[in-house]
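Colleague: The primary structure of each chain is shown beneath.
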Amino acid sequence: MSVLSSLVGPLGPGPLGAAPLAASADMAEYVPVLVMLVFALLFAALNLGLSFVLGKKAPSNPVKDAAYECGMPPLSEAHQRFSVKFYLVAILFVLFDIEVVFLYPWAVYFQQMPAFLFFEMLLFIGILLLGWWYVMRKGAVNWARE
Amino acid sequence: MQQWLDDLIAGTAWLQALPTGLVYTIGILVACKLILLFSSLLAGEVVWLERRVSGRMQARIGPNRVGPQGLLQFLADGVKLLSKEDVIPATADRPVFVLAPILVYLGAFAAFCVIPFGYGLVAADMNVGLFLVLAITSIEVVGVIMAGWASNSKWAVLGAMREVAQMISYELPLGLSALAIALLAGTLNLTDIALQQEGWLWNWYVFRGPFAFAAFFLFFTAALASLKRAPFDLPEAESELVAGFHTEYTGFRFAIFFLAEYSAMILFSMLAAVLFLGGWSPGFPVDLTGPAARWIGFGILFAKTAFLLFVMIWVRWSLPRFRIDKVMYLCYKVLLPLSVVCVLGLSLQVLLGEVLWGDQSAFGRWLMGLGVHGGIR
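First to last, the protein sequences are chains A and B.
Going by the numbering used here, the first sequence opens with residue 1, and the numbers climb by one from there.
Going by the numbering used here, the second sequence opens with residue 1, and the numbers climb by one from there.
Treat the hints loosely; a few may be bogus.
[As the list claims (entries may be wrong)] The calculated lysine to any residue pairs, modelled on SDA-like cross-linking and capped at a C-alpha distance of 20 Å, are:
hint	chain 1	residue 1	chain 2	residue 2
1	B	K33	A	K57
2	A	K57	B	L29
3	A	K138	B	Y329
4	B	K326	B	R316
5	B	K80	A	K138
6	A	K56	B	G78
Don't read these hints as lab results, they were simulated from the structure.
Whole structure, please, built from the sequences with the hints as guidance.
Modeller: Structure below.
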């Protein structure tokens with residue numbers, strides 16, 4: 001959470017000359033988030049505990065405990081290597097998502113100096129789109145090709 | 001929230017005797033408990049709504065026995081699921097298997113704390129609200145891949161891989177189309193975003209020009225995909241992957257996945273209503289920030305949320321499922337460039353509004369995404 005706040009810290013006071021919120025720099029703002037996380041954890045854990053108490057307990061057997069494979073005994077481990085396409089998607093995500101994160105402070109401050117920020121961002125998005133064009137030409141998401 | 005508690009303390013004698021920190025703590029706990037009740041009960045009702053609507057669309061009745069019109073069906077289902085046996089496959093990775101549904105629920109639920117349910121009806125009124133919603137909901141991805149991998153079942157692994165690829169890909173158009181609204185609003189605080197859409201219908205961000213209109217549909221489509229709703233429900237496509245990443249989950253562990261899915265639906269519907277459909281604005285100028293009026297605002301926001309939820313269900317029972325490569329194609333080749341165009345178009349709109357009309361004229365303010373009352377709060 002401290003990572004998050006340091007990441008978005010500079011966004012503190014709202015633009016348009018508005019007064020900053022009373023507790024904007026205060027970590028106390030994040031207390032409800034923490035409480036919600038704990039509540040979610042408790043809710044799930046309590047219900048699972050309740051289900052453990054109330055639930056039926058039948059003797060186990062190897063067939064019941066096997067992983068589902070259409071009624072047949074599993075032939076092999078499911079932990080196998082998977083297609084490289086998924087790695088490619090993950091790398092693309094990291095690339096583009098960081099751009100999106102960079103765009104957020106830009107968007108929040110845009111109205112304060114629109115002309116300057118617009119052309120700056122045109123450059124940034126231009127480079128981004130160049131990369132996007134390259135990735136698409138390489139067929140990175142063209143899964144149907146093979 | 002804090003202001004509300006301050007008012008409460010000032011108006012009640014016995015609260016003033018207590019230490020302020022204690023009142024704050026209890027206030028936050030009560031607020032979070034209320035949100036938990038709201039989201040879990042409403043998720044149950046959305047399950048009921050889904051079953052009723054799908055029943056109607058398939059010319060049958062749907063559940064109508066438990067309670068009036070079957071409204072209490074989810075309670076009966078909950079009791080049934082609680083009394084079911086909890087089976088964990090022998091080959092599963094037990095700690096990860098057990099932790100996964102809790103993480104998924106965490107990601108779907110915790111983001112509710114920054115959603116304003118009405119003016120001031122928000123647990124954590126923070127400047128990074130929109131950003132925090134996107135950050136917390138991406139915890140869900142971790143839970144999903146943990147569930148799929150720990151199950152040690154081929155269906156689960158395939159479903160989880162697909163789902164993670166889909167969810168992280170669609171986070172890009174989702175983030176960018178939400179960014180378009182941050183650009184108009186000049187803030188990430190969801191209460192402020194809603195306040196700037198007060199006044200007449202054309203002040204809603206969805207109606208502020210063609211790019212904002214397109215951004216709403218991009219947001220909704222990307223939200224459908226990252227919620228793994230049909231037509232993007234590849235990860236749990238019944239006809240090909242059994243049940244996807246939760247194939248091996250039984251009893252209440254499965255119910256928690258289910259609850260998380262519907263909670264996330266409610267979350268994104270509310271977010272879309274706040275970002276694009278004016279929040280609690282009814283479409284004509286009326287002040288809904290008073291202590292009693294804000295509950296009317298909550299009702300209006302709730303109606304918009306319910307409508308969007310209905311649209312999600314409607315889409316599910318109307319459209320056939322995509323193929324996984326088409327889903328990826330749609331994301332990277334259609335939605336991503338379109339949302340970049342939306343962001344650039346909106347920034348050009350703001351620039352033009354500022355240069356040609358300025359923030360003193362009504363049209364200039366409309367173009368720049370500013371509210372009727374000038375600044376923010």
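Colleague: If a hint holds in the structure, say so; if it does not, say that too.
Modeller: Now for the hints, and whether the structure bears them out:
1. Proposed proximity of K33(B) and K57(A) is contradicted: the alpha carbons are some 32 Å apart, above 20 Å.
2. For the proposed pair K57(A) and L29(B), the alpha carbon gap of about 36 Å is over 20 Å, so the pair is violated.
3. A distance of roughly 13 Å separates the Cα atoms of K138(A) and Y329(B); the hinted pair therefore holds under the 20 Å criterion.
4. Taken as a hint, the K326(B) and R316(B) pair is honoured in the structure, with Cα atoms around 17 Å apart against an allowance of 20 Å.
5. Straight-line distance between C-alpha atoms of K80(B) and K138(A) comes to about 51 Å, which puts the hinted pair past the 20 Å bound.
6. This hinted pair checks out: K56(A) and G78(B) have alpha carbons roughly 15 Å apart, not beyond 20 Å.
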